[in-house]
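Engineer: These protein sequences, in sequence, are chains B and F. Every position in the first sequence, counted from 1, becomes a number in this note's numbering once 168 is added. Every position in the second sequence, counted from 1, becomes a number in this note's numbering once 53 is added.
I should point out that these hints are in silico values taken from the structure, not numbers from a laboratory. Computed from a predicted structure; not experimentally measured. Any given hint could turn out to be false.
Taking lysine-lysine pairs in the DSSO-like style, the calculated list, with each CA pair at most 30 Å apart, reads [to be verified]:
| # | chain 1 | residue 1 | chain 2 | residue 2 |
| --- | --- | --- | --- | --- |
| 1 | F | Lys94 | F | Lys105 |
| 2 | F | Lys105 | B | Lys224 |
| 3 | B | Lys236 | F | Lys97 |
| 4 | B | Lys228 | F | Lys105 |
| 5 | F | Lys94 | B | Lys224 |
Some but not every residue of chain F turned toward chain B, in silico, with C-beta under 10 Å [as the list claims (entries may be wrong)]:
| # | residue |
| --- | --- |
| 6 | Tyr88 |
| 7 | Gln90 |
| 8 | Lys94 |
| 9 | Lys97 |
| 10 | Val141 |
| 11 | Cys144 |
| 12 | Ser147 |
| 13 | Ala155 |
| 14 | Gly158 |
| 15 | Gly160 |
| 16 | Val166 |
Ranges between beta-carbon positions, derived for each pair [what the hints assert, rightly or not]:
| # | chain 1 | residue 1 | chain 2 | residue 2 | range |
| --- | --- | --- | --- | --- | --- |
| 17 | F | Ile108 | B | Phe213 | 20 to 30 Å |
| 18 | B | Gln248 | F | Asn70 | 35 to 45 Å |
| 19 | B | Asn190 | F | Lys97 | 19 to 29 Å |
| 20 | B | Lys206 | F | Asn79 | 32 to 42 Å |
| 21 | F | Asp91 | B | Phe213 | 47 to 57 Å |
| 22 | B | Pro249 | F | Thr55 | 24 to 34 Å |
| 23 | B | Ser194 | F | Lys93 | 11 to 21 Å |
| 24 | F | Tyr63 | B | Asp234 | 35 to 45 Å |
| 25 | B | Gln238 | F | Asn104 | 29 to 39 Å |
| 26 | B | Glu171 | F | Leu80 | 25 to 35 Å |
| 27 | F | Lys93 | B | Glu235 | 25 to 35 Å |
We put the beta carbon where it would ideally sit given N, CA and C, even for glycine.
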Amino acid sequence: SQELEQSPQSLIVQEGKNLTINCTSSKTLYGLYWYKQKYGEGLIFLMMLQKGGEEKSHEKITAKLDEKKQQSSLHITASQPSHAGIYLCGAHPSGAQKLVFGQGTRLTINP
Amino acid sequence: DTAVSQTPKYLVTQMGNDKSIKCEQNLGHDTMYWYKQDSKKFLKIMFSYNNKELIINETVPNRFSPKSPDKAHLNLHINSLELGDSAVYFCASSQAGPGAEAFFGQGTRLTVV
Numbered sequence: 169s170q171e172l173e174q175s176p177q178s179l180i181v182q183e184g185k186n187l188t189i190n191c192t193s194s195k196t197l198y199g200l201y202w203y204k205q206k207y208g209e210g211l212i213f214l215m216m217l218q219k220g221g222e223e224k225s226h227e228k229i230t231a232k233l234d235e236k237k238q239q240s241s242l243h244i245t246a247s248q249p250s251h252a253g254i255y256l257c258g259a260h261p262s263g264a265q266k267l268v269f270g271q272g273t274r275l276t277i278n279p
Numbered sequence: 054d055t056a057v058s059q060t061p062k063y064l065v066t067q068m069g070n071d072k073s074i075k076c077e078q079n080l081g082h083d084t085m086y087w088y089k090q091d092s093k094k095f096l097k098i099m100f101s102y103n104n105k106e107l108i109i110n111e112t113v114p115n116r117f118s119p120k121s122p123d124k125a126h127l128n129l130h131i132n133s134l135e136l137g138d139s140a141v142y143f144c145a146s147s148q149a150g151p152g153a154e155a156f157f158g159q160g161t162r163l164t165v166v
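Please put together the full structure from these sequences, using the hints given.
Structural biologist: This is the structure we're talking about:
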């Protein structure tokens, strides 16, 4: 079965600093999703990557999928308090109508 | 307009009770899901329905019974609740087929005492 490992599991950064969260898959990724979750709320879709080497950006958040399609990184530039939350990477195991998720990365932004 | 809505948002109940969580989506999606997020924030698939038909059941105890009266609704009924059932349950929907973005509800926090 496909497993996703996120690192770090927890991250505390000073406001204004850059940060990176990684997601590594045990198998080739056929679509990698990044979601953000705030406490007491549902998951908010951030980005989806499908092609090896693909990179997408939304405001100050950039996500990349490596050429071998087994690792993705999420980079936040000049972090703000609004970026705080739990970031989850998810992927479809080949041919399956479901998402499997990493264990999440809890991001705290200190003012 | 809420795309995927779950009710209730919070549910506190005693062990042994039977409870239901309702989910509705107004996105016209063919596929709906139930996920469980445990205390360590690990999110795992429980069930997946496509056009009211069960297509995924991830070794969930049979005390959990999903019901899809139509493709816009997927309810979760839980019998004989146990302490270990305490978690946040998320409903989601997507178009059919891998590669489709899943939209999530806000979650139902179930506490069994």
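Engineer: Of the numbered hints stated previously, which ones are contradicted by the structure, given in increasing order?
Structural biologist: 2, 4, 16, 20 and 21
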